[in-house]
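Quick mapping for you: the protein sequence lines, in order, are chains A and B.
The first sequence: position 45 = 46 (the working numbering), numbered continuously.
The second sequence: position 169 = 227 (the working numbering), numbered continuously.
Just so you know, the hints here were simulated from the structure itself, not pulled from any lab data.
The reader is advised that the hints may include incorrect statements.
As the list claims (entries may be wrong) - The calculated BS3-like cross-link candidates involving lysine-lysine, where the alpha carbons are at most 27 Å apart (straight line), are:
| no. | chain 1 | residue 1 | chain 2 | residue 2 |
| --- | --- | --- | --- | --- |
| 1 | A | Lys145 | A | Lys24 |
| 2 | B | Lys126 | B | Lys151 |
| 3 | A | Lys24 | B | Lys126 |
| 4 | A | Lys145 | A | Lys132 |
| 5 | B | Lys153 | B | Lys126 |
| 6 | B | Lys151 | A | Lys24 |
Unchecked claim - Derived, one-sided and incomplete: chain B residues facing chain A with beta-carbon distance under 10 Å:
| no. | residue |
| --- | --- |
| 7 | Thr79 |
| 8 | Tyr103 |
| 9 | Leu105 |
| 10 | Trp106 |
| 11 | Ala107 |
| 12 | Met109 |
| 13 | Gly110 |
| 14 | Gly118 |
| 15 | Leu138 |
| 16 | Gly140 |
| 17 | Ala143 |
| 18 | Arg212 |
| 19 | Val237 |
| 20 | Arg244 |
Built from N, CA and C at the ideal position, the CB exists for glycine as well.
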Amino acid sequence: MIASQPETIAAPDWQEDVYDVLKRHGVRHIAYVPDAGHAAAIRRAEADPDMHSVVLTTEEEGIGYLAGAWLGGERGALLMQSSGVGNCINTLGLPVYARFPLLMLVTMRGDWAEFNGWQTPMGQATEAALKLMNVMTWRADEAKDVAPLLHGAATMAFNGDAACALLLGQRLIGEKKWVK
Amino acid sequence: MAGGPLDRREAVARLLAGRDTLLVVSGLGSPSYDVMAAGDHDNNYYLWAAMGSAMMVGLGLATAQPQKPVLVLTGDGEALMGFGALATIALRKPKNLTIAVLDNGHFGETGMQISHSGRGISLDRVAASCGFERTAEITDLAGVDSLRASLPRRDALTLATLKIRAENLPRVLPPRDGVHIKNRFRAALGFQPI
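If we strip away everything but chain A, and leave its shape as in the complex, we get:
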């Protein structure tokens, strides 16, 4: 039997697009809780001497971090899995009330072909939870939509002092290969 292990080379192009769009928007800080769907952006952020790459213990840390970076004049983005959105709810009050720009990228679980039902309750509630906290949301289920939707979200976050989230659907993530 062939062992299942994460593929670490040849990330899909949309994953590379994410980092390119963030760089074009002047992002200097990437705060993240890891997910396989963010692997390319995290790898490139960690290797980029012009990027502050901050691994978090829990997702809401990134909201405070990016508020501080903005107070200091710099832009950032927060990468997480949909389960992490639940951890962020109260802290989202900070950017929403004080109108800090917040750009979130959320890889989805529990919304398409989920094999682990434990992921489904939060996955099904993710977009509604963000909207309840007045975070604007978009979602990409096809690779071609990732770059334009992220460009749109980043534009509205940084030019509107707004909280914006791009959800990366599980159909998109499904392109990830887990078996050699």
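Dock chain B against the given chain A, drawing on the hints supplied.
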């Protein structure tokens, strides 16, 4: 022992005395009142909610402004809610960041229930275990003076617990308009509103 002998208003005023380029972030509740009582300042960012976030706001600010000393003033309850931030910050090690935890061993804003630090958790020892370069437990004004003197040097990621008396002093309320305080703070650093 819950808390200690220091007067929180005196300790904070002493820590902020003679400030020059210092940037200050205060955690919700009494630390924000203490910072306001020491004098409102364009370089203050007061949090009124988002409990657990003050240390991370300080990390982001210290990273974006490495030439300026950044001081986070927060309480033991707030620091406990953001416990994981100690690990996150220790990995980054910004040398211009100092965290001063005003530790009365209680949740002062909600009725003085005894907190974890009042039951034996030493946040400065936790920070030292995580890898903070300088940590201290401060119980007198000489210690406060020493901490203040270290701020402009920007030479070590620092966390100090200031052991203060458990008491609720008259509130001195900072401005609550989050947008105004944000824009005022950024303007003082030369950044324009969008």
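Results of checking the hints against the structure:
no., hint, result
1, A:Lys145 / A:Lys24, "18 Å, holds"
2, B:Lys126 / B:Lys151, "15 Å, holds"
3, A:Lys24 / B:Lys126, "25 Å, holds"
4, A:Lys145 / A:Lys132, "24 Å, holds"
5, B:Lys153 / B:Lys126, "10 Å, holds"
6, B:Lys151 / A:Lys24, "24 Å, holds"
7, Thr79, "13 Å, violated"
8, Tyr103, "6 Å, holds"
9, Leu105, "7 Å, holds"
10, Trp106, "9 Å, holds"
11, Ala107, "5 Å, holds"
12, Met109, "7 Å, holds"
13, Gly110, "7 Å, holds"
14, Gly118, "3 Å, holds"
15, Leu138, "14 Å, violated"
16, Gly140, "7 Å, holds"
17, Ala143, "5 Å, holds"
18, Arg212, "14 Å, violated"
19, Val237, "5 Å, holds"
20, Arg244, "6 Å, holds"
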